[in-house]
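Chains as they are written, first to last, in my numbering: chain B, 5 to 297; chain C, 5 to 297; chain X, 5 to 297; chain A, 5 to 297.
Treat each hint with caution, since some may be false.
Repeated chains share a single entry, so a pair holds when one copy, or any two copies, can fit it.
Lysine-lysine pairs mimicking DSBU-like chemistry, simulated, CA-CA at most 30 Å apart [what the hints assert, rightly or not]:
1. K225 with K167
2. K244 with K167
3. K221 with K167
4. K149 with K39
5. K244 with K72
6. K221 with K244
I should point out that these hints are in silico values taken from the structure, not numbers from a laboratory.
Since we're looking at a predicted model, the values are computed, not measured.
Number of protein chains: 4
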Amino acid sequence: MKVGFIGLGKMGTAMADRILGAGHQLAVFNRTESKAADLVSRGATLAKTVADAARFGDVVVTMVENDKALAHVVHGDGGIARSLPKGGIHLAMGTHSVPLIAELVQVHETHGQTLVSAPVLGRPPAAAAGQLGILAGGPAAAVEKCRPLFEAMGRRTFECGEKQVGAAAAKIANNLVLACAIEGMAEGFILAEKCGVPGAAFSDILTDGLFASPAYKVYGKIMVDEAYDQVGFTADLGLKDANLVLAAAGLARLPMPSANVLRDRLLGAVAHGDGGKDWAVVAREQARAGGLD
Amino acid sequence: MKVGFIGLGKMGTAMADRILGAGHQLAVFNRTESKAADLVSRGATLAKTVADAARFGDVVVTMVENDKALAHVVHGDGGIARSLPKGGIHLAMGTHSVPLIAELVQVHETHGQTLVSAPVLGRPPAAAAGQLGILAGGPAAAVEKCRPLFEAMGRRTFECGEKQVGAAAAKIANNLVLACAIEGMAEGFILAEKCGVPGAAFSDILTDGLFASPAYKVYGKIMVDEAYDQVGFTADLGLKDANLVLAAAGLARLPMPSANVLRDRLLGAVAHGDGGKDWAVVAREQARAGGLD
Amino acid sequence: MKVGFIGLGKMGTAMADRILGAGHQLAVFNRTESKAADLVSRGATLAKTVADAARFGDVVVTMVENDKALAHVVHGDGGIARSLPKGGIHLAMGTHSVPLIAELVQVHETHGQTLVSAPVLGRPPAAAAGQLGILAGGPAAAVEKCRPLFEAMGRRTFECGEKQVGAAAAKIANNLVLACAIEGMAEGFILAEKCGVPGAAFSDILTDGLFASPAYKVYGKIMVDEAYDQVGFTADLGLKDANLVLAAAGLARLPMPSANVLRDRLLGAVAHGDGGKDWAVVAREQARAGGLD
Amino acid sequence: MKVGFIGLGKMGTAMADRILGAGHQLAVFNRTESKAADLVSRGATLAKTVADAARFGDVVVTMVENDKALAHVVHGDGGIARSLPKGGIHLAMGTHSVPLIAELVQVHETHGQTLVSAPVLGRPPAAAAGQLGILAGGPAAAVEKCRPLFEAMGRRTFECGEKQVGAAAAKIANNLVLACAIEGMAEGFILAEKCGVPGAAFSDILTDGLFASPAYKVYGKIMVDEAYDQVGFTADLGLKDANLVLAAAGLARLPMPSANVLRDRLLGAVAHGDGGKDWAVVAREQARAGGLD
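With the rest of the complex left out, here is chain B (with noise of 0.2 Å):
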């Protein structure tokens, strides 16, 4: 399969690196174009522009940094949708929030193209091992049609639907899910510690039974020996992902209360300096709830 690939941060390049690997023809572009050298040396071509890489197959993968820079790749003057190929597929595996996909599944209908969403489950290490979980969502043809590349990248595919925005949203949702653990055991840590209870004991308990999983355990850790420092993921970007679902739920006419929760705990991480910290550093905001600071 003729694939074009654009955008070579430490997942895209992994996940290039995959597809290249399972035998398809790829022609890569990045903004800084030495970040394709070493594809290029396996075999990739190297696309000068954006149009270079929407016109080189029928599949062009997407796996930029943001909202901003997707809709940049395709909106602009070279960009996607006036350069793909009617018929061509363009197949966005970033996270990205559901109304920009939403928008997207317009202008490619328009242009005669199909977008379909695929973001993904995993970090570096798990793309360079083809061992992603992969969220797909767009009609079921032209899913089919990029299966072979799911192969290539990941461990299993969720379907998540015909509607692009399916998988944007399932993607965001599963992000919520966890956050809500994490505001959950900030709440009740510092309730328990309030009360003079020692952390240790009551991440012993919570991990003892029901939540017997990794998130509890990890995220419990750092809230016990607040080692905040040690920053999994940011409270900043954290941000960024409750600001991802609020704009969901905007789009699908759904309160979601506790998405509220989660974002002015962050607002107030961040407003008090702790952008840059792991993100369980919502206890420590729970605590200055209470007086605890």
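With chain B fixed as given, assemble chains C, X and A onto it according to the hints.
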């Protein structure tokens, strides 16, 4: 050890049985006397009144249904406060509010007695097998004195510090964390659903990685199947728990925004006639909020 | 009319004085007897006990500080429930919780008595001038019987329906509306401040048009001047009111998200040591939430 | 003074007319040119393009509908940024988001121009009578230069400081205070109703004292009559405003819990098909939340 035991519901009976089986002398009291018959046939003494149970030994255990019942057995005319000998221990093992526990600490202190608060994790089968998790809070010497009883009843004792309210708070906070998980899932599920994602797909995504724990698997399945009639724990009881959290937070002077979300959600479920359903029915309430009714 | 009156605080004394001045026969009781002296010197009978006041006439008015005090004068050994004659009316004029009023409706019904709930709007000077607003709830015939008393004490009676809880709820809900106004102002002020707007300018904007009412002018000025030490109504009392709203909402099965916001805000203020300040201090709490501390 | 004016809706036309009437030279631009006819017949110059209006004088006023429109007239090919002379002032008088105003401050600075933000209070009749309230934010010298225009259009100018975002935030925060008042009333009304209080009685109570202001009288009456079809301001627009508040709060790093409540409430109203009703319809949404549907 000579032990009085008040409250022979399913949990209390199983716990009393374990104490008896460990070789302690036991006097049991229950409002409905017939429930004591089996334990008496196996060697327990029948206490005709609360006072008889409280005077029997150095420790009197209470395992009663709620705050009202506990306040009654402590404060009433022949209540524990007036009948437990000086130096005696009241070991309260039910799930009670932090304000009541705080009040009883004072009451017992006034009478030269000591309160130990030790709510439990686990359901009747775990109690029957001596596999409870025990959350113990109180002065170290008093907790130490209760240890043989904890060993008879439990698999593990979590030391919650010298303040009795601590153990009560830890139990309540643990329930809060579970409730937050369910609420997070409910909001995530309905957002995904409104965006066209099949429930089973979202459940698979959730429980594939970070949340590979019983809580998420069990509640995810209930939400996917909308099997709210298979009741593990009712919305009514969930609301009671949310109120316990907020009462604790009130005494601790701690804002707890997620607890507010939960209380409102469960109040809504009860208002819509779903109080007797499994508390995962908050997902249906979230659907209502988004006009999916 | 022969009337018993229990509770001679500032409000109660002024109200009892109006009843006496209107020519009714009055028996007054207060825990601290000396507070009754002035009224007795002007013709009132001194009731030595609650029971004496309750037996004096067809109506016994209570104007006591809180739920605990009201429950005590009704339920105690010589309480109103056991001493007010059959067919008698207990006219409760303090601000009490909806759950307590609901309970007392039952208690009095059991004893063949009738509860009328009639909390008031206005402070001691208004009471002394017979200028209270009276919120009356209860069976029409009983309310009618109390009308001469309302006319002696008030400037206007608001008919809150045949359910006694209605009047209690209306009083509490009125306080809620004020609290929401203050919270809205607090959030608006601090947002404006964080964006560089002088407080006085924002206050001018607010009160220039739609909000040209006393509430906004008074509280706007307090916030601009940060004059939280000039206490009209404390944050502690505001918190008590928020809890009354939530108790009413619990009984009515009604989620009330703004009441949650208020409770958390005021809990935060108390946690930060501002419980004794004027409740407009929620603006300082909002500033803290945004890192302006 | 020579002034360009862009945006001739009802408000813009009335405001331009006032400027013209005060003796200033005016060039007017509107996308639909016919709307300019009347002003041109009275002496205004017709600007054929945005650029023509921007080049006409030292100040160009914009009074356009929303952020999208303002971004377009500033950023487009012949936009204000590229056509307003160095040293010129862009006086933005629409209601715009704080993030957009913050962005335009930078854009204009880059081009040697100055932005003054001056949203207004009042509706078209007030504009026609020169009775607007004007919220002015920007560097003192630039604001001073605009003063003759403010005097032509307004009854009063509120000085919102040297930061342009301040005036935008003040406008938005003023709307928030109104929305909080309506939400507070909605929660209060429905609580009272669920407890049996007639709506008219509660409305009388509310507006009798502290809240004897237009906002409470108008909205109280709408809620009592459930007259949500007599639309003053729609729930859809209320939701837009709530989003503006939250966008401002995001940039200012300020949690605003009441704004979250409002957004969710209005989202719910829209989800239930009430987006086109008057925004007092939040009371119906509150009723739904309590099962009164």
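- Query: In ascending order, which of the hints set out earlier in this document are inconsistent with the structure?
  - Reply: Failing hints: none at all.
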